[in-house]
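Residue numbers (this note's numbering): 1 to 307.
Hints are computed from structural coordinates only; laboratory data are not their basis. All figures in this text were calculated on a predicted structure; none of them were measured in a lab. Backbone N, C-alpha and C fix where the C-beta goes; we use that ideal spot for every residue, glycine too. Errors might be hidden in some of the hints.
The list that follows gives simulated cross-link-like pairs (lysine to any residue, SDA-like), each with its CA atoms no further than 20 Å apart [to be verified]:
#: 1; residue 1: Lys105; residue 2: Trp142
#: 2; residue 1: Lys226; residue 2: Leu84
#: 3; residue 1: Lys226; residue 2: Ile144
#: 4; residue 1: Lys213; residue 2: Pro225
#: 5; residue 1: Lys226; residue 2: Thr77
#: 6; residue 1: Lys213; residue 2: Thr295
Here are the in silico distance ranges between beta carbons for each label pair [as the list claims (entries may be wrong)]:
#: 7; residue 1: Met266; residue 2: Leu173; range: 30 to 40 Å
#: 8; residue 1: Val254; residue 2: Leu111; range: 30 to 40 Å
#: 9; residue 1: Asp199; residue 2: Glu160; range: 16 to 26 Å
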Amino acid sequence: MTTGMIGRISGWAVAGLLLGAGVARADESAERPAFPLPKFSLMPDLDSVYAPPGDPREQAGSNTGGVNFALDTWYSTDYVFRGLDRSEVGGHEDAPNAQFDAALKFNLGKLPHPFIGVFVNVYNSDPISRFQEIRPYFGVDWTIRPLNIKLGHNTYLFLEREEKNTSEFYGQLTFDDSYLFGTESPIFSPYIFGAYDYDLYNGGYFEIGISHKFMFEDYGFSITPKARVAYVTTNQLFAVVPEGNDSGFQHYDVGFETAYSLNKLMGIPERFGEWSLQGEMFYTDNIHFDLKADTQIWGGIGIGFRY
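Build the full structure now, drawing on both the sequences and the hints.
Following this line, the structure appears as structure tokens:
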């Protein structure tokens, strides 16, 4: 074969290869759309590095709505209210008090959160009325970090002792000192509490305190030591004798509160609410001998429910 003939054959071969490749690409383009189409399947993507989502009912928390409910029930050795042992009116020493505290809280996002509730102390050894005290209350709770502000109103109702019924406004300011110490959770959580009785005693009660919550998350357990001291002003509730001294440092408390998650212990899903076994123990003592306060070691145990 001549050189010219070999060159013509080679040229035809190259042209044929290019033409075949173009046809093959044209065929592929005809079969594959310019944009990938979405795939719909009820089966999980086995090639994904992420696990398929679980049952949302199992993952859901106890309550993500705008209304939350709380209920605490207690059996306490004494009912100590602001340093005064109100269970020393009959029966034997440390006769148990059954206490109930139920509240509704409305979550309004960044706005103040209104709440309403009632506290009841039932003392079977009371010679006049087992329902010793009924205390309806309401207010608002507002967190503007690092501050938590609580404002409210209490009404004290003593069945068959109506002469002791009274009402007060109160407020509490708590400082989240994690901002100060650069920690994930508060260290001392210092607070100041003030109440003014405008009905019967026309006097004030003030309290400052600290606390720290130790969490043991692996065990669902927490313990919170607390300390507080109270000052009263022109408040005859704390006068030892009628028209006696009614102002000054009145009492102090030191003790602790505990909580143990029953959800963790019993495997209760949080969609059924948060259940806890609670306990407390405190020592209360008088500061000024001219003011009424009891020296008492007291405590209790109860069940808490949050939803």
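Here is what the structure says about each hint:
no.: 1; hint: Lys105 with Trp142; in the structure: 11 Å, holds
no.: 2; hint: Lys226 with Leu84; in the structure: 18 Å, holds
no.: 3; hint: Lys226 with Ile144; in the structure: 23 Å, violated
no.: 4; hint: Lys213 with Pro225; in the structure: 7 Å, holds
no.: 5; hint: Lys226 with Thr77; in the structure: 19 Å, holds
no.: 6; hint: Lys213 with Thr295; in the structure: 26 Å, violated
no.: 7; hint: Met266 with Leu173: 30 to 40 Å; in the structure: 37 Å, holds
no.: 8; hint: Val254 with Leu111: 30 to 40 Å; in the structure: 36 Å, holds
no.: 9; hint: Asp199 with Glu160: 16 to 26 Å; in the structure: 19 Å, holds
When each numbered hint is compared with the structure, violations occur for hints 3, 6.
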